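Novice: Take the sequence shown: its letter number 28 is residue 27 in numbering that gives the first Met the number 0, and every next letter is one higher.
Treat the hints as calculated values from the structure; they're not laboratory data.
Since the structure is predicted, the reported quantities are computational estimates derived from the model, not experimental observations.
Each hint should be verified, as a subset may be incorrect.
What the hints assert, rightly or not - Below, computed lysine-lysine pairings styled on BS3-like, alpha-carbon distance capped at 30 angstroms: (1) 160 - 265; (2) 160 - 44; (3) 164 - 204; (4) 164 - 219; (5) 164 - 121.
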Amino acid sequence: MSQAARTVYINGEFLPEAEARISVFDRGFLFGDGIYEVTSVIDGKLIDSDLHMARLERSVGEIGIRLPVTTQQIVEAERRLIAENDLTEGMIYLQVTRGAEDRNFLFSADLQPTLVMFTQAKKLLGGAVEQTGIAVKSVPDQRWERRDIKSVCLLPQVLAKRIAKEHGCDEAWMIEDGLVTEGASSTAYIITGDGKLVTRANSNKTLPGCTRHAALQLVKEAGLTLEERAFTLQEALEAREAALTSASNFVVSVTKIDGKPVGDGKPGPLVSRLRELYLENAKRTAI
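I would like the entire structure built from these sequences, with the hints used as guidance.
Specialist: Now the structure itself:
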């Protein structure tokens, strides 16, 4: 099915894309007052769905938005969208905003949230990054202090991604106080010479990645030990291997940082093994 013929979900209705409408007074549009989730689809099935629904519930709870339906109903709607749009590989985007009313920083207590979902076909497996890895560009982290909330306010990440692209890179790693926080849309890792997988512990400084959570359950099986701490850009450049995780890239090697190779500049065996284990588990548990 072509993208133009997609069925989308808006507030309980399944509509042709051309008929989809959101109010110009929606607070997601006016204030970025909303939460989103992106869930990958492989072989027509949702990947890490339970983790995404748990994070959705946490994020809306942190900003006081009430989901208009249950997470089970959301999953059922996502599966219907997958079927109606004949989606084999790609993702589902979900966004819930506080709702629509005349513009005012203060909002009414009885405001009805807006819930939107749509599919997006995208090749997730077998791409060039599996062979080449990903190049990243370091940029200053200019975001707010509640990065643990998956807010639709993404302007800093948009600008960071643009800078990365201008430097021929696929992703930006954001730096704060000399330390790597995370990628613009991913979690950052390094592997030390003695086989430690290093990544920040979850806090308000970073988004609690769903792919991160799933991948870290497989660290021991991948022949690694986990060390949760921040690391410097210099440590990353001197690392044995580097990596990132995200819903759309899964687990992938970072082979170049600011134009300099990590290790031999090729995807390393440890990250490649972790990716293999993650994908095996993700496909086995997909719904």
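Novice: Now look at each hint and say whether the structure bears it out.
Specialist: Against the structure, the hints come out as follows:
1. 160 - 265: 22 angstroms, holds
2. 160 - 44: With Cα atoms ~29 angstroms apart, residue 160 and residue 44 stay inside 30 angstroms; holds.
3. 164 - 204: 24 angstroms, holds
4. 164 - 219: 34 angstroms, violated
5. 164 - 121: 19 angstroms, holds
The structure is inconsistent with hint 4 alone, although it conforms to all the rest.
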